[in-house]
Structure formats: structure tokens, C-alpha cells
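K.L.:
Here's the letter readout for the chains.
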Amino acid sequence: MIHTVLIGLGVLIAILTVVAALGLLPSLRIVPDDTHFDFTRFRRISFPISAALSIVAITLFFTHGLNLGIDFKGGTLLEVKARSGTADIAAMRTTLDALGLGEVQLQQFGGPENVLIRVAEQPGGDAAQQAALQKLRGALGDSVDIQRTEVLGPRVAGELLAYGMLGLMLAIVAILIYLWFRFEWQFALGAMIANVHDIVLTIGFMSISQVDFDLTSIAALLTILGYSLNDTVVIYDRIREMLRRYKKMPMPQLLNESINSTLSRSIITHFTVTLALLALLLFGGHAIHSFTAVMMFGVVLVGTYTSIFIAAPILIYLGVGEHREDAPDTATPAKKSKA
Amino acid sequence: MLYFTRWKALGIILTALIVCLCAVPNFFPEAQVKTWPAWAQRRLVLGLDLQGGSYLLLEVDSAYVKKERLDQIRDDVRRTLRDAKIGFTGGVTVRNDAVEVRITKETDAQVALAKLRELSQPLGGLMGSSGQRDLEVADASGGVIRLSIPQAAMLDRMRKTIEQSIQIVERRVNELGTVEPVIQRQGNDRILVQVPGLQDPTRLKELLGKTAKMEFRMVDTSVPPDQAQAGRLPPESELLMSASPPPTPYVVKKQVLVAGGDLTDAQASFDQRTGEPVVSFKFNTSGARKFSQATQENVGLPFAIVLDNKVISAPVIREPITGGQGQISGNFTVQSANDLAILLRAGALPAPLTVVEERTVGPGLGQDSIEKGELAAYVGSILVIVFMLLTYRLFGVFANIAVAINVAMIFGLLSLLNATLTLPGIAGIVLTVGIAVDSNVLIYERIREELRGGRNAISAIDAGFKRALATILDSNITTFIAAAVLFYIGTGPVRGFAVTLGIGIITTVFTAFTLTRLIVAWWVRWKRPQSVPI
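These protein sequence lines map, in sequence, to chains A and B.
With UniProt numbering, letter number 27 in the first sequence gets 27, and the count goes up by one each step, no holes.
With UniProt numbering, letter number 412 in the second sequence gets 412, and the count goes up by one each step, no holes.
Derived from the structure by calculation, the hints contain no laboratory data.
All clues given are correct.
SDA-like mimics (lysine to any residue), calculated; alpha carbons at most 20 Å apart, straight line:
{"no.": "1", "chain 1": "B", "residue 1": "Lys372", "chain 2": "A", "residue 2": "Leu116"}
{"no.": "2", "chain 1": "B", "residue 1": "Lys210", "chain 2": "B", "residue 2": "Ile168"}
{"no.": "3", "chain 1": "B", "residue 1": "Lys466", "chain 2": "A", "residue 2": "Phe183"}
{"no.": "4", "chain 1": "B", "residue 1": "Lys466", "chain 2": "A", "residue 2": "Arg182"}
{"no.": "5", "chain 1": "B", "residue 1": "Lys372", "chain 2": "A", "residue 2": "Phe109"}
{"no.": "6", "chain 1": "B", "residue 1": "Lys205", "chain 2": "A", "residue 2": "Ala127"}
{"no.": "7", "chain 1": "B", "residue 1": "Lys527", "chain 2": "A", "residue 2": "Leu22"}
Bound-form chain B, shown alone (with noise of 0.2 Å):
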């Protein structure tokens, strides 16, 4: 147990000292650190709950999803009947997540199966090899066709959605011009986006709160919005409202002109004349020749703009707008005219997204509790060294140079893996000192028993290494396997806790079987000890 080869204790000693060096970035000003080689710019992220920010959890509203998705199937519908000349009675509904048609005749009822179930197409397109499709048509009884989505269409459905939605949220996310904001899917349906140093999200949850779903639509001039509110709609328009107050309703055709997909970009400027503040916009080539033929053809109409079925504005089209530019006014201050900008860049998100959770922590907060944290890590160091020092004098001694270089591997480590320092991460690291002596303290408490039990000196420090490391490392993992569970089930600072509580255990035991044993090695080589002072 106490002996080293040469290349053992060298081994020892520079994984202990790589490790080590592994934290010293983080004793440098992140820009100059930014300027080194990458392999040297890890280090430790504190967590939100150290450097202040916002955490949002949102979800992505999956009943719309599928609301949309089973609309979509129930015009397909319509239009297949329709195109084969195929009877149908009472209209295609939805009914109990499935869309339902009865047809007329029932002799039609085969070649309508055989057309609808043309509908339905394999999952992951031509290369999809599950042999799963995207849509269950079923023949139930009485000439009523069945069309519902599986369960497998539907995840790969809400999978899809998430991927398009963490696209546009980033987009969003990133015309803040926050730093370093963290945005990641979380389960099914659920987007993470932690945004360090933004201590207000209110705006940032108004951007992402918007789908942005922009259209150009023909505004309806036959009804006055009145008698359309009393009832007399048009079957091809429907009453929308006005997105800034007082809600004036409007009457605005269903069809759509142009869509928001077309824009290529959108600013926010100052109208010229009046000076308002209006958003700028740019179709691309198809948008510009859809919008160019369709004020061509109503001049003198309003049309609207809508946006999420807001209506932001109505003009008058005075002339054809043919180049494809074009301003939004519709009493913007610089603020509201700016967001929409960037909601317009950034695209529409294919489903609403709400907030499900949040949490946020100001800066100065932050700063208190890193404060505190060291406050507390440096009295708790200190206790405990005093403490080694008073019960095991020279042994102490070697004690507190392994928990020294423990913690410093703790930190090496966490950097290495760009961990997150959270509190009760620095809780972990305080907890983590006191336990880490129990190693040694365990060593010590065995040799002086063998001791007693008459040993010599070095049989002695022999005798209780080699029992006492078993226990260590029995003892340490069942702590390890809880710190495990923690950091699965753990998000934020909990996690923090976890992860510094499991390295720290790593670094214990690894002091405990090395360094401490080759410091007591040393020891014994040089003095020869005849009694142990412990």
C-alpha cells in the first residue's frame, strides 16, 4: 500500500496538477480567456440563480396542433369527394379527434375508401421504412367514413412542430441581442430558453407569446362590419378585430392575398411624411408578383393586414404597388413597431406557445449569493481545517493539502465539462469539504486502531490504508448513486447541486486512494517513522 513506482506517483501527481490547472481559466477576465486556444477556454458557467436572468419554460400547445391537422385533413376531404363526384351527406366534421363523412350512396362507398386512403402517405416520407403512416382511414358502418391521425403520425407531427418552433424562438430570442441565450427542447413539447442577465422578460414573453401569423387580405365592402356583426356575414369572409384600441371590428375576406412566408424582411422606420413610427417590409419574388397582381386589380379597395387574426391595419390600395416593397402603419410607437419587425423576420411559429413556467433572478440577487456562497465555503473550509489540524496535528496537515487539492479538482473538473455553478451548487462544494475529510478520517481512525491492536508503525499505516480504502469506496457510492438520481430528475440550481456533489465524490475518492496515500508514503520513506504522530 505504500509502495510507489516512480511512474505511479509521477502518473498521480499530474493528473492531480492537470486537473487542478483545468480551473485557471476562470481566474482570468472572460475576454482575454476568449482569446486563448480553444482547448483552454473552458470554464464555469454560473447558473441563473448566480448571474441573474430569466428562465422560461414554454409549451407548445399541442390540441392546436392537431385541431390544425385534423382541419387540414377534413378539407382534403372535401376536396377528393368533390373532385371524384362522390356524394356526401351532413359535411365532413370532426368529431372526437377523427374527421367523419357519411357518403350518399352506398355503392360509392368502396371507390370513396379507395380514394380517401390515397390521402394517407407513410411516415418520413419515401424513405420511412416503419411502414407507419400518417393517417388511419377506416371503413365504420353505415357508408361513414373514419379518418383519424395514429399516435405515431401525431409525435412525429408534434416532433416536427417543436424543431420549426426552437427555429423561430431562437431567431427571436436573438434579435434581443441578449448574451449567450440557452434554448433547447424539453420533453414532447416543451421549449427551454434561459437567457442570462435579462431580468425583465416581459418583453421577451410578448415576442414569443405572438405566432406572428402575418396575411394580406381583401377587406369585404358589401356589409357595413354592423350588420355583418348582427349576423349577416358573408359565408366567404369573417368579422376580425382591430389590433390596437378601441377594437373596431372589421369584415375581412377569407381568401388570402399574400402570406407572411413571403416576406424576405421587415424593418422598423419612420413614415416619411407623417413621421410615425411604420414597419418596412420586402416580399420575395412570388410574394411580389401575388401582390402586385392583386392591387392591380383593387385599386381603390382597402385591403388588411392582419396579423394572429388582428387586424393591423386597413389602407386603401391608391395605386398598384408592384415592386414589392411596401410600409405597415397602424399607430406603432418604436417600441410595438420594432418587435413586429422582428416577429415579421423571424417568421411565424407553427403553434401558440405558452408559458408554463418562469423564473427569473435580478443581477444584484445574483451578486449577493455568490457573495454569501464564498462567505460560507471559506468559514466551512476553515472550521474544518482547524478542526483536522487540532485532532491529527501532522496527519491533519496531510489531511488538509488533499482537501485543498480536492476542491481544486472540483473546480478543474467543473470546468473541464463547462458545468453551471449554481448555490446550492456551492453548497455541494462546502458539503463535499466536510465529507471529503471523513476519507481521511477513516484512514487515520483505522491505523490507530491497528495501532492499538500492536502493530509497528509502517504495518500499521499499511494495515489501515488497505481496510480503510474498501469502506471508502463502498461508502462513497451509495452517495454517488443519490447524487446521480438528483441530477436526473434535477433541472437548474438543483442540478448544480448534483452535478458538484458527484465530482466531488469522484475527487474524494481519488485523493483518498492516491495523493493521500503517496503523502503518507513520502512520510514514512523519509522519516521512518518508529511511532505514528496520529
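This is chain A alone, in the form it adopts within the complex (with noise of 0.2 Å):
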């Protein structure tokens, strides 16, 4: 059946490539050609609410706290597959709450024969995890099919945890020095509160929604992180190269100039992200769910706001351009399209 939809799909594409090729196919313009919007104007509005939002993440974070996984908590995870077709979860409860293991988590997903089984670390270090997950296999007998375990020792999860944290922050560090010294420090300063904006609301995101924080959250937070800093890069490179050829457009001006011009750039390449993500959000699995959800969040809410709204009007709290302002404009928009 899939398959079928995947071939009509090729084949559609195939009468598209050729039609398109013929210049035949009219042209789709998601954002029109000569944008003006005051983007500048608006952090006014947008700066009080990316602060209100961050504490309210940073708030959530406290309070509400991360749904760690068991990389991160330790611990013991079972992925199993009733045989009979429809798993019974009451009676698996008994079972295995009767184990003396603590509360053991049971959660249903995918499909009625899959129960996710989820029984927190032990006292007693590495060889108590190890006799429980033995017990849970031996309790669970025959009537399921083991599809995936995971245990994590206390020390482990504790050093995956830290280790996560030491690559966030050093993919941070590692990308401001090289901001540094491809712009200005003013740039490489306003990427990097960009850049903690991006993984703050991200955090609060994870917060409200609990999904699971494990390695491959990380993993998302880190693309978000580059992700959204190649967006904010586009629209410095704009800046920086308006900068040079503008000596006197006073900043706000000069902003909009900039997000304007790499607007529907940053809308396309948005959409096409996007596409990719929603598939794999509906067709990856249950496995990579968190992991696209978390991205999808990052990515396509967080980063492109970031990117015109914070990134880049910030700069002129940094102080980029002091001097314009006092000198009187003479260049204008119209005088760019000649250039």
C-alpha cells in the first residue's frame, strides 16, 4: 500500500521535473518579493516577551523540573510485545509491582501489544540494576517478546548527565570563539544570547511536555543549536555586508533592510525543514518521536523567531552602529537596488 503511494509520488515528481523544466509550472511565492515590515520596531514588543517566556521556562524548569530518561537517571527500561496480540496491563502491574522493585512505571504505545515497563534505579549501585532487570525477565516469562532493554548504573547516568551538559556548553563556547572571529564580538555576543534564548524555551518546552531528557535530547538541543544560529548567521552576514555599504543608514533602518531582504530565504528554507521534520514525526516511530518533537520545536518556533526578532534588533543594544543615528540619512532603499 505504501509502497504503491511511493511510486505514484516518484511518478508525480518525474511529470513535475519535466513540466517545470519546460517552464511551464507557474511560480509559488509563499512571501512576495518586496517586503517592508518594521521588524525592528516590534522588539519593543517581542524583547518583554522573550523575557517573560524565558522565566516562565526558567520558572518550569525549577518547579516542574525534566522528565530525565534513563540515561540521565539510571535505572531499568523494558520495551515488550505481548505474544497474544493485546498486552494486559493490569495483570503485568501485579506481576511486577509483587517484584518488590519500587514503582514500576507501565506505559502502553504504538500499538495495544506494546507496553513500555519502566522500574527506577536500585539501591546498591551497579550489580543491584542488573538483579532486577533478571527479575523482570524472569517475571515476565513467555507471555511477551523482549524488544529492547536499557540499564544504567547510578554512576553512568550521572556522567552521561554531566558530559551532555560539558558538550552544550561546549558547543556554545566552541561557536562564539569562532563568531568571534568571522564578525564583530557585538555579533558573536548577540548570537550567543540568541543561542540561550533558543535552548531556555526549548528547556521549558521539554518541561510542559515531559517528554523523556535523555542523550538524544541533547542531541536535538545541539542541532537546534546550530540550526538556529545558521539562520542568525545568514541574517548577520546581511547586516555585516549592509553595514559596509551603507555608511549612514541609521541601524533600525538598516535592520529591517536586512531581515526584509533574507525574508523569504528564511521562510523557504523554514518550510522545507519543516517538511522533513513532519515526516519523521508522522513516519519515524515511536523511537524518534521525542527526538523530532523537541527539534520540531526548536527548529521551526524558537529558531526562526530567534532569529529576526532577537538576534538580530539586539544588536543595537550591543551597540552596533552607535554613530548612525546622529548623522543624518541620505541613503535610501531605492538607492540599494542600484548598487
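From these two lone chains plus the hints, build me the complex, please.
P.N.:
Spelled out as C-alpha cells, the structure:
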């Protein structure tokens, strides 16, 4: 069934390609060519909003916390598939509760036959986790197929968490240094503030949605970081170019010009990335579900917003082109088109 | 920007083609690829999350290693002082990670110190040039001499222990007959074991969880076990329990007749009389001599076969065993006899191993993940391709050709590096498709802008490429840094994601700088366009 659909879509693409090559397709423009939104003035709203959201996210992080996955918390996780076709969760719970392993979490996912079993870390070090796994395997017996197991001792989990956090910091610092080399320090700092803003909001999202925070979440965070920066750098590149070309254009106008002229690129690219992520979210299976969900939030919602409404306008506060506002403006956008 | 010499164009196409061709071995069955020349055999490796298998992280017990070393030092100290006839009071004690001894006469203290200093060896043997030694002998006040292990010596010892352990682990894992297991050292005290296709690692863990220190010792018949349990244990003997239930105590002499290191072979077999599973073994020459001598001296007495301080069996020596061969019986099943034979053949671990991390994926789940990942990849690619066609028409076709070659090159490079493809890795490729078109979008939008600025078609295309490429480089390097960090900190599936993301960035930049430009350049030369249909 799915293969037929794919073949059909392949044929459609072939036809579209031929039609497009012949120049017979109408052009689809998501963004009109000449936009003149005053993004910079919007900073008086976007900065307080972002500040408020960040505070909410941080508060959530401290009150609600993150749903630490097994990677960082330790313990045992089993993914089982009932041989009968339908898992009797109630019966399973009774059996597993009797093992005396503390709280046993059971969760259905995917279909009626799949159950995720989580057992918190057992006191008594690494050997105790292994013993718990042995008990679980024994108690479940032949009624289920064990699809996946993960057992992490307390020390490894702690190390992974420390490592993940270290990596996140390292990435931020490395990128900061790179930007510092390529741009002026204000740009590097602006990008970094935007960065931290992205991560804080995404962590807030993880706290609300309570998706598992594990190694793949760190991967998602780092991708969001790289991707959002990618976007910021595109706009910064343009700002730098404009700064060199129009020596006297006032900063807010210059920023607006820069954002507007890269706007269609930003939106088209975000659209294609969204399409790719959507495919992963809908068809990629539960194993990477939380990974893509986090990425979708971070890349699509936060990343775009940040580059346009935070990363660019913040340059004003960081003192980029301070002298400009005093000088009378002689350059106009009309002049730019002749340049 | 739009001018390419013939050689340059050829170089670009050849590079792309060769990299793409590297992906070819993945489309043939593994058995067939094995018959190809070695340079053509490089292919993608499926991660454990896709092909199913077990991942174990084992930790060497560093406290045990330290304790063993301290005990050895204590014995050395005792022997040295006795040999030199130097009196000490209160015995030799192990305290606070050091061995301490109190010399009775203060006049002996300097001699004792000199004698004990001889125990200290330079690190790394005679060739060692670090100037560090494996033992620090210090004169603590009041006639007390303190011997401690310097940090460097301890690290050296751990390194050796890990190396030995890896060898033993390798032998034991290979005995399971698994396909291409991966055994690597990780950090200072850990060993990573990956066994593809092994769904239930319980037996593997049992094999790795035993140090398998095998000893042949005499049973002490002077005291019945129940009296020994009550406290009347002779100093040269110790109380050991039986390996098989019910736990039965044995009084066993501490002196080892022959140790497992003298075994050359061990096989599971069946006893010819009783038909029960047994393990038959062979000694090397020195082991055979020691064993034959011991059995000659002790006919009629029981001896104990001790494995990891548990008594497997305690048979009575009926006649001297001189052939250097024997068999162990002890309530074995076929499986446990087999396991013991494996352990004896592979040798003893220098220190116990604990499983600190374990992850397994069943083959069914792996297959399911592959299918879902593939589907998501197809759907994602189709959506992006259609969207690009609708947005940029002819230039959308160019972009799609570039992206298709880009993805083929990602697979080519991954194969060339023998990289591991994981489920997040597939997600990384899908994401790359979404991001790869960004370079085209940047170029095209810039061309449109230049056109609006009043340039003619060819000059706009030229300027569009020139300006966009700098941005493409800058923006991709930031993502590449993130991928590099992720590769460094990640393990398993996450590392797979970092690899595909990083390689995807490299191929994206390559195609943007060369292929896309080449395609457009050809089109310009062919059409001499007055306007750009973009």
C-alpha cells in the first residue's frame, strides 16, 4: 500500500520535473518579493515577550523539572510486545509490583501489544540494577517478547548527564569563538544571547511536555543550536554587508532592510526543514518521536523567531553602528537597488 | 563564478561520481561483497539499534586491583623483613591505601628502610625513563615504615589490567560464536562490548561476570566443616562454600597445588561411565608435573577444585594422576559444563568486571526502525522535492539534482568511512535534505534580489553565487561545530546522528560550491538567457 503511494508520488515528481524544466509551471511564491515589515520596532514587544517566556521556562525547569530519561537517571527500561496481540497491562502491573522493585511504570505505546516498562534505579549500585533486570525478565516469562532493554547504573547515568551538559557548553563556546573571528564581538554576543534564549525556551517546552530528557534530547538541543545559528548567521552576514555598503543608514532601518531582504529565504528554508521534520514526526516511529518533536519546536518555532526578532534587533543594544543615528540619513533603499 | 575550465568541471564531476560510487557495495548482499577486492568492501554498518544486538559497558573493579596490589606488597614486606631478620611489632597492616609496618628496634629502622626500598621497581621496567617508581617507601615517624602506590603506578597497573581483561573478554565472547563483536577499551577502567544479533545477553553476562580463577587445592581433613564453622579454623585453611546448591561448606587449605594458568585446554564432554556432563582438561608440562606430584603424595585424600572461591567438587584421589589430564564433574548441565570449559580455555580475568550499562535491541524492533526510517526519508524527500519544483521551477530541478547527488554522496562517504548508521542517523539524513536545499534557496533568492536590483540575467546569477557562497560557508560551519561536539560527547545512536549531520554539511557545501554552480553554468552557456525563470 505504502509502496504504491510512493511509486505514485515518484511518477508525479517525474511529471512535475519535466513540466518545470519546460517552464510551464506557475511560480509559487510564499513570500512577496518586496516586503517592508518594521521588524525592528517590534523589538519593544518581542524583547519583553521573550524575557517573560524565558522566565516562565526557567521557573518551569525548577518547579516542574525535566522528565529525566534512563540515560541520565539510571534504572531499567524494557520494551515488550505481548505474544497474544494485546497486552494485559493490569495483570502485568500486578505481577511486576509483587517483585518489590519500588514503583514500576507501565505505559502503552504504538499499538495495544506494546508496553514500555520502567523501573527506577535500585539502591545498591550496578549489581542491583542487573539483579532487577533478571527479576523482570523472569517475571515476564514467555508471555511477551522483549524488544529492547536498557539498564544503567547510577554512576554511568551521572557521567552521561555531566558529559551532555559539558558538550552543550562546549558547543556554545566553540561557536562563540568562531563567530568572534568571523564577525565583531557584538555579533558573537548577540548570537550567543539568541542561542541561550533558544535553549532556555526549548527546555521549557521539554518541561511542559514532559518528554524524556535523554542523550537524544541533547542531540536535538545541539542541532537546534547549530540550526538556529545558521539562520542568525545568514541575517548577520547581510547586516554586515549592509553596514559596509551604507555608511549612514540608521541602524533600525538597516536591520529592517537586512531582515526583509533575507525574509523569503528564511521562510522557504524553514518550510523545507519543517516538511522534512514533519515526515520524521509522522512516519519515523516512536523511537525518534520525542527527538523530532523537540527539534520541531526548537527549529521551527523558536529558531526562526529568534533570528528575526531577537538576534538582529539586539545588535542595537550591543552598540553596533551607534554613531549612525546621529548622522542624517542620505542613503535610501531605492539607492540600494542601483548599487 | 560561472566559468569553469574543462579540467575543473571534469574534476568536480569525477569527485562526485567516485564518492557516489562508494555507496554501491551497500546494494549488494554481504556475501557477494566479501568476494570483491578489499578496497571495494567498504560499506555502511548498521548500528545496534537497527540490526539488533547487545551493548555492554563493563567496568574493571579498580578497588579490587588496588587491594590485590596492597596485599601483594604486604606479603613482600613480611618476607623481606623475615629474610633480613628484622623484628617488627603488630604485624604488617594495610591501612589508608598503604602498607604500614612498625620496626621493633629503632636501630634496625634504617636497614629495614633500605631493604624495603629494594622492593620498589622503576615504572615501565628497565627501559622506563620516566624516573617514576611503582612503590613509594617512606619513613613515617616512630619507627613506622609506610609503603604506598604512587598515582602513576596505579594508572599503569590499571592500564595493564584493562589490556589483559580485554584479551580475556575477547576470547570469551568469541567462544559464543557471534558475528563481528566489537570489544574496545573506554576511558581508564571500562570495556565496551558490542555483539550484533545477540538479543538476550544473559549468558554473555554470566560468562563475563566470572573471573574464573581456577585452583586445585587440598581439602583439610583435620577439622570437620561444622567445627570449622563454629570458629575452630586452622590458620592455613579457609572455609569455602560449594558452587552448586545446596551451599555446603568445605574446609580447604590455602596452598594452591596447581592454578588455572597451567591449563592448556578444556572441553565439555560426557563421563564414560555415568553419562553426565563433565569438563575434561589438560595441563601444560609444569602443571602436569605439579599435579602428578601432588596426587602421588595424597592418594586416598580429597582435593578441591575451586573456581572463584567456590568449590565445584572435592573428589578423592584414588590413584596418582600422571598424564596431565583429568576431568571435573560437579552437577553440570550440558550448558554449564560448556561455559566452564569456555572460561577455563579463555583464562582468568585479572579483576572482576561489573556491567555498568546494558542496552539490547531485538532484531524485530531494529527491522521496524529501518522501515520507519526509510519511509520517513522517502516522504520527507518527496515533500521537499515537490516544494522546490513548485517554488523555483527549472531552478528547482537543478536544486533537486544537486540534493539527490548530495544524498548519494552522503551514503558514499558513510560507506567509505565504514560509518555506523543508526536511527537518529537516518533522521540526520532527512534533516540534511531539508537543510541542503537551503544553500540553493540562499543562492536563488540572492539571484532574484540582484535581478530586482537591475542587473542583467548573467551578471545577476554571477553576483548571486558570489555573495551567497560566503554566507553558506559561514552558516554551515556553525552547524558543523555543533555536530563535531556531538560526535565527541555522544555514544551509539547519538554519535551516528552526529556523523550523518557532519558529513551532510560537508557534502552540502561541496555541492553548493561546485555542482549547483556547474549545472547553472552549463545552462547559461547553452541558453544564453535574457531573463532568469526563477
